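J.: Sequence:
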Amino acid sequence: MVRLQICRFLYLRQPSTSISASRHLSTTSLNTTLARSKRIPLSSALIRRSSPQLTIYQQERLFQDESFYTHNITLEKVPGRNPTPYKRRKKADSNFTDIMVVKLSSGAGGDGNVSFLRESGRAKGPPDGGDGGEGGSVYVQPVEGETSLHKIRKRVVAESGRGGSSSQMNGRNGSDVIIKVPVGTHITLSPDYILERENPPPGEGWIHLNGFKEYNLERQFFKDLKKRKVLDDRAQERIERIQDSFPPDGIDLARPGPPVLLLKGGRGGLGNQHFHTSDIRNPRFATKGRAGLSGVFRFELKLLADLGLVGLPNAGKSTLLRAISNARPRIGHWQFTTLTPSVGTISLDVATTDKTFTVADIPGIIAGASLDRGMGTDFLRHIERAGGLIFVVGLDSEDPIADLRVLITELGPERMDGKRILVVATKADLPRTKVKYDPLVEFTKQRGWKTIPVCAIRKSKDIEILIRVMAETAGVV
14 MVRLQICRFL YLRQPSTSIS ASRHLSTTSL NTTLARSKRI PLSSALIRRS
64 SPQLTIYQQE RLFQDESFYT HNITLEKVPG RNPTPYKRRK KADSNFTDIM
114 VVKLSSGAGG DGNVSFLRES GRAKGPPDGG DGGEGGSVYV QPVEGETSLH
164 KIRKRVVAES GRGGSSSQMN GRNGSDVIIK VPVGTHITLS PDYILERENP
214 PPGEGWIHLN GFKEYNLERQ FFKDLKKRKV LDDRAQERIE RIQDSFPPDG
264 IDLARPGPPV LLLKGGRGGL GNQHFHTSDI RNPRFATKGR AGLSGVFRFE
314 LKLLADLGLV GLPNAGKSTL LRAISNARPR IGHWQFTTLT PSVGTISLDV
364 ATTDKTFTVA DIPGIIAGAS LDRGMGTDFL RHIERAGGLI FVVGLDSEDP
414 IADLRVLITE LGPERMDGKR ILVVATKADL PRTKVKYDPL VEFTKQRGWK
464 TIPVCAIRKS KDIEILIRVM AETAGVV
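For the sequence shown, the residue numbers in our numbering are 14 to 490.
If you are wondering where the hints come from, they were derived from the structure by calculation, not from laboratory data. These numbers were taken from a predicted model, which means no experiment stands behind them. By construction, the Cβ of each residue, glycine as well, lies at the ideal position given by its N, Cα and C atoms. One thing to keep in mind: the hints can contain errors.
[Unchecked claim] No farther apart than 20 Å at their CA atoms in a straight line, the calculated lysine to any residue pairs in the SDA-like style are these: (1) K226 <-> E209; (2) K236 <-> N295; (3) K164 <-> T201; (4) K167 <-> K193; (5) K240 <-> S291.
[What the hints assert, rightly or not] Pairwise CB distance ranges (calculated): (6) A267 <-> V243: 40 to 46 Å; (7) G431 <-> D409: 53 to 59 Å; (8) V309 <-> S180: 40 to 46 Å; (9) R168 <-> R247: 41 to 47 Å; (10) I255 <-> N223: 53 to 59 Å; (11) V156 <-> S133: 53 to 59 Å; (12) S258 <-> S410: 50 to 56 Å; (13) E455 <-> I207: 54 to 60 Å; (14) G263 <-> I414: 22 to 28 Å.
Just need the whole structure built from these sequences, with the hints factored in.
T.: Structure below.
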């Protein structure tokens with residue numbers, strides 16, 4: 014705003030002045046070219062009166078063939094303004110979402126059409142009403158590369174089918190919706206919601222031509238058709254009941270694959286051309302499309318990783334993940350620096366990309382996390398699929414063995430059952446850590462676990478040894 018006001022002021026006061034502005038970081042340079050023939054100098058007093066935020070940084074006059082001279086003016090940084098453009102600002106880590114409750118709805122089927130053929134020389138031709146289109150279905154597809162559920166909308170509705178039209182033209186089918194989710198997503202149906210279609214009772218759901226509803230209801234052929242439609246609707250309900258069944262334990266999308274059907278769209282209605290018989294010469298009725306299906310689902314992401322890093326807050330998990338992979342989690346000297354899980358990929362050999370494994374870093378666990386203290390155990394789901402666990406214990410702690418006991422207690426035997434375990438003692442470069450490391454080794458040997466001391470900040474040779482041992486724990490080597 015300041016720059017625009019200045020440019021307008023100078024232009025009004027100096028009619029023969031052309032101004033070009035270029036912004037660089039927190040300063041603005043105004044190059045003012047004045048016609049030499051007008052002999053109108055741009056004095057420093059005039060500039061200072063134009064705005065209190067302007068100061069003369071350099072004012073020099075350059076004469077080329079006595080045609081012009083230049084003023085270079087610097088605009089001071091306005092206090093309290095963020096010089097970084099909005100689009101360049103980094104997005105917050107709050108984009109990560111591992112639980113989403115979504116309401117999904119499939120599309121309803123289109124209605125059949127009541128129409129008769131119109132030709133020259135014929136007052137009324139045979140029925141030619143088309144069928145309604147099928148409603149769109151809702152699919153879910155696990156894809157690689159996605160690591161969060163925040164892109165999923167809370168309300169997803171598939172398109173309904175279009176109604177039929179004349180000349181035996183069927184309505185267009187509704188477009189399907191494919192929800193792409195990260196690999197490892199588990200989908201369950203809300204226990205308070207029942208998948209049920211809101212269709213009319215069997216035998217109902219007719220569309221009558223204007224003014225012929227009472228006429229149709231009184232005819233015997235229509236009463237017979239309603240009885241037949243009762244049988245057809247009940248058969249369709251059985252088919253829909255099979256299609257709409259959802260597993261009680263949910264759907265586990267543990268690997269990439271084709272789209273999986275969640276909600277099937279409704280079937281389209283029948284046009285009046287289907288009811289043309291020797292007894293019914295002019296059917297003035299059609300059927301409505303079947304209703305769609307709605308349900309509330311819970312999407313829960315469980316990251317897929319070969320190894321999971323588990324440790325107390327500020328134990329050095331994120332620093333360790335930075336040292337062994339290209340992942341860049343947030344690090345700091347305060348507790349609970351990591352608020353969202355992150356996954357890093359580690360390659361043993363640059364030439365052979367097939368020998369890789371992944372490591373998941375989750376927020377720190379404190380004593381009583383199983384009782385929902387601190388970050389709770391919400392993020393422990395991300396290591397349930399891991400083939401191995403890495404307990405990260407900082408040697409700067411007063412009692413590393415007590416810290417390890419806390420981790421073992423909070424995880425519980427169920428999450429540790431059948432998993433390979435490795436203990437990593439970080440911050441081994443600090444003084445007087447030898448007296449803490451030796452008892453820790455004896456404690457882990459009793460359980461058959463390996464222990465390795467490392468210094469993740471300096472990235473010394475022990476990092477290469479750690480990667481090799483982690484690969485053995487992950488089952489890669």
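J.: Output the indices of the hints that this structure fails to meet, ascending.
T.: 1, 7, 9, 10 and 14
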